[in-house]
Amino acid sequence: MNQPDAYLWEQHIPGGCHWSGILRRGTTLRMTDVSGGANASVLFFNQEEKLERYNMADTLKSQHTFRLTKGHACHSDMGRIFCCITADSAGWHDTVCGLSDADLIRRKYGTARYQEHRNQMFRNGLDGMLIELGKWGLGMRDVVSNINFFSKVTANSAGELTFHSGNSKAGDHVDLSFEMDTLVVLSAAPHPLDPSTTYQPGAVNLAAFATPSSAIAECAHISENQRARQNTECLYACHGGAA
Amino acid sequence: MNANFKNKKSFVESMFDPDAAVVDEICPAGEPWVKIVREGQIFRIVDLEGNQAVDTLFYNASHAVERYSATDTIRRQKKIYLTTGSKLYSNYGNVMLTIVADTCGRHDTLGGACAAESNTVRYALEKFPMHSCRDNFLHALAHEPECQQLGISKRDIPSNINFFMNVPVTEEGGLEFVDGVSAPGKYVEMKAEMDVVVLISNCPQLNNPCNAYNPTPIRLLVWDDPSEMSFT
Chain G
192 MNQPDAYLWE QHIPGGCHWS GILRRGTTLR MTDVSGGANA SVLFFNQEEK LERYNMADTL
252 KSQHTFRLTK GHACHSDMGR IFCCITADSA GWHDTVCGLS DADLIRRKYG TARYQEHRNQ
312 MFRNGLDGML IELGKWGLGM RDVVSNINFF SKVTANSAGE LTFHSGNSKA GDHVDLSFEM
372 DTLVVLSAAP HPLDPSTTYQ PGAVNLAAFA TPSSAIAECA HISENQRARQ NTECLYACHG
432 GAA
Chain W
73 MNANFKNKKS FVESMFDPDA AVVDEICPAG EPWVKIVREG QIFRIVDLEG NQAVDTLFYN
133 ASHAVERYSA TDTIRRQKKI YLTTGSKLYS NYGNVMLTIV ADTCGRHDTL GGACAAESNT
193 VRYALEKFPM HSCRDNFLHA LAHEPECQQL GISKRDIPSN INFFMNVPVT EEGGLEFVDG
253 VSAPGKYVEM KAEMDVVVLI SNCPQLNNPC NAYNPTPIRL LVWDDPSEMS FT
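Line by line, the protein sequences are chains G and W. To convert, note that position 211 of the first sequence is 402 in my numbering; the numbers rise steadily by one, no gaps. To convert, note that position 204 of the second sequence is 276 in my numbering; the numbers rise steadily by one, no gaps.
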């Protein structure tokens with residue numbers, strides 16, 4: 192699947208760090224949990240019109256799911272698909288718990304500043320996201336409900352949440368096959384509900400390769416995804432001339 | 073009703089008399105509604121005919137970058153449903169409102185608002201021209217003075233609350249929209265912990281069976297801060 196001639200680039204993101212970049216349609220991003228227990232908080236924006244962005248509600252309700260895994264698509268707020276999850280060895284990705292922030296990290300783990308700890312300093316999910324958003328002229332107004340890849344959170348019948356440690360093992364990976372030209376913003380700080388008492392966010396490895404033709408059908412078993420894909424194709428018909 | 077949903081403790085009735093309210097308005101089915109609710113005031117939404125979804129957002133009335141945050145509300149309370157005692161948090165981690173009474177028992181934080189575009193995905197491509205909640209939000213942003221003064225746009229529309237809506241989640245990760253939690257006259261009441269702009273779309277959804285394909289009006293009431301009233 193990941194053939195050498197299709198391989199495009201690779202980027203290592205140490206735990207706690209952040210990244211952003213454009214993934215073109217027809218490209219697959221493989222995120223790998225390097226050592227287990229990583230958390231990759233991610234937002235998606237239409238590269239051409241960044242008012243169009245990942246929409247948690249539309250993603251969940253159109254697929255009648257609370258978790259994301261292989262076969263699900265990540266929907267925009269404009270009725271389109273950013274990407275399909277075409278491979279997933281972790282099995283569950285959280286979409287509702289949002290990001291850690293400076294206050295949460297300080298209360299859970301204490302303070303570790305750059306001055307004393309250099310790049311081992313404690314970073315938080317929101318600030319990593321804001322730094323990357325700032326590179327594209329975006330900011331706090333653009334922080335909406337994000338996906339927390341590799342993290343599993345379940346809800347009981349009363350709606351109470353439980354974080355499941357160990358959901359993702361070393362080497363687990365998830366493939367996102369992009370159908371839109373997408374700005375991906377990623378922050379690899381701990382999940383806000385991770386009960387770990389030591390600050391040790393896992394590293395995430397990113398690798399991009401040309402989407403194999405076999406991956407296209409992965410999300411098509413959900414009719415809502417087929418319609419969202421039709422809407423997405425309209426965007427690129429006539430070289431972007433349609434709505 | 074969902075068989076797993078038996079949380080009677082959350083049913084708390086209000087002590088406030090509608091005759092004493094400083095705001096008492098009806099929002100017809102399918103229309104937006106905007107109002108500033110001041111810190112300390114009590115705000116009630118009444119589901120007049122039952123099973124109406126009331127899509128609601130809150131903004132800090134003086135700094136709209138601060139707004140209701142579904143993820144902060146969910147993760148800080150480790151719970152996806154709202155009822156009496158629930159706090160509605162902002163994206164800055166501040167409590168915007170606290171639910172102080174609730175005769176419905178459960179309100180949704182996950183389902184978001186319908187839009188022309190999402191209707192094409194969820195129901196059929198030809199549903200695009202139908203009226204939607206995001207149309208209501210955008211109409212309000214373009215016309216309501218409270219919204220125009222805040223300078224907010226589509227960019228400032230995050231995941232909203234759906235009052236009276238039941239969106240149960242299973243431990244296996246399933247999610248569905250079901251009816252039966254609300255009924256005529258059920259209400260939810262909250263105390264504002266800061267000055268907020270309330271932005272409501274009284275949902276016009278005609279495709280979802282949970283309202284029997286029949287959007288209905290709601291009643292909105294506001295009472296002045298009861299602690300201040302005791303001094304007068």
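By construction, these hints were calculated from the structure, which means they are not laboratory data. Values in this document were obtained by computation on a predicted structure and should not be read as measured data. You may find that some hints are simply not true.
What follows is a set of in silico ranges between Cβ atoms, one per label pair, in the way DEER data are often shown [as the list claims (entries may be wrong)]: (1) A197(G) with E97(W): 36 to 42 Å; (2) I98(W) with G227(G): 23 to 29 Å; (3) S280(G) with F83(W): 26 to 32 Å; (4) G157(W) with D294(G): 21 to 27 Å; (5) P201(W) with S280(G): 38 to 44 Å; (6) G252(W) with C425(G): 46 to 52 Å; (7) P201(W) with A349(G): 22 to 28 Å; (8) I213(G) with V94(W): 48 to 54 Å; (9) I407(G) with H135(W): 53 to 59 Å; (10) N347(G) with A284(W): 24 to 30 Å; (11) S414(G) with G157(W): 46 to 52 Å; (12) G301(G) with P201(W): 17 to 23 Å.
Listed below are the simulated SDA-like cross-link pairs for lysine to any residue, each with C-alpha atoms no more than 25 Å apart in a straight line [what the hints assert, rightly or not]: (13) K261(G) with I407(G); (14) K199(W) with K261(G); (15) K159(W) with S414(G).
All residues carry an ideal CB built from backbone N, CA and C; glycine is no exception.
Verification of the hints:
In this structure the hint that A197(G) and E97(W) lie 36 to 42 Å apart at CB is violated, the actual value being about 60 Å. Hint check: I98(W) to G227(G), Cβ distance near 56 Å, so the stated range 23 to 29 Å is violated. Between S280(G) and F83(W) the Cβ separation comes to about 44 Å, which falls outside the hinted range of 26 to 32 Å. Separation of G157(W) from D294(G) is about 22 Å and conforms to the stated range, judged on CB atoms against 21 to 27 Å.
The hinted range of 38 to 44 Å is satisfied by P201(W) and S280(G), whose Cβ atoms lie roughly 43 Å apart. For G252(W) and C425(G), the Cβ-Cβ distance of about 38 Å falls outside the hinted range of 46 to 52 Å, so the restraint is violated. A hinted range of 22 to 28 Å is violated for the C-beta pair P201(W) and A349(G), which are about 40 Å apart. The given range of 48 to 54 Å is respected by I213(G) and V94(W), whose C-beta atoms sit roughly 51 Å from each other.
In this structure, I407(G) and H135(W) break the distance hint of 53 to 59 Å, their C-beta atoms being roughly 45 Å apart. At about 29 Å, the beta-carbon gap between N347(G) and A284(W) stays in the expected band of 24 to 30 Å. Against the hinted window of 46 to 52 Å, the Cβ-Cβ separation of S414(G) and G157(W) comes to about 39 Å, which falls outside the hint. At about 55 Å, the CB distance of G301(G) to P201(W) disagrees with the hint of 17 to 23 Å.
Taking the CA atoms of K261(G) and I407(G), the gap is about 12 Å. The hint holds against a cut of 25 Å. Restraint check: the Cα-Cα separation between K199(W) and K261(G) comes to about 28 Å, which exceeds 25 Å; the hinted pair is violated. A distance of roughly 37 Å separates the Cα atoms of K159(W) and S414(G); the hinted pair therefore is violated under the 25 Å criterion.
When the structure is compared with the earlier hints, violations turn up for hints 1, 2, 3, 6, 7, 9, 11, 12, 14 and 15 and for no others.
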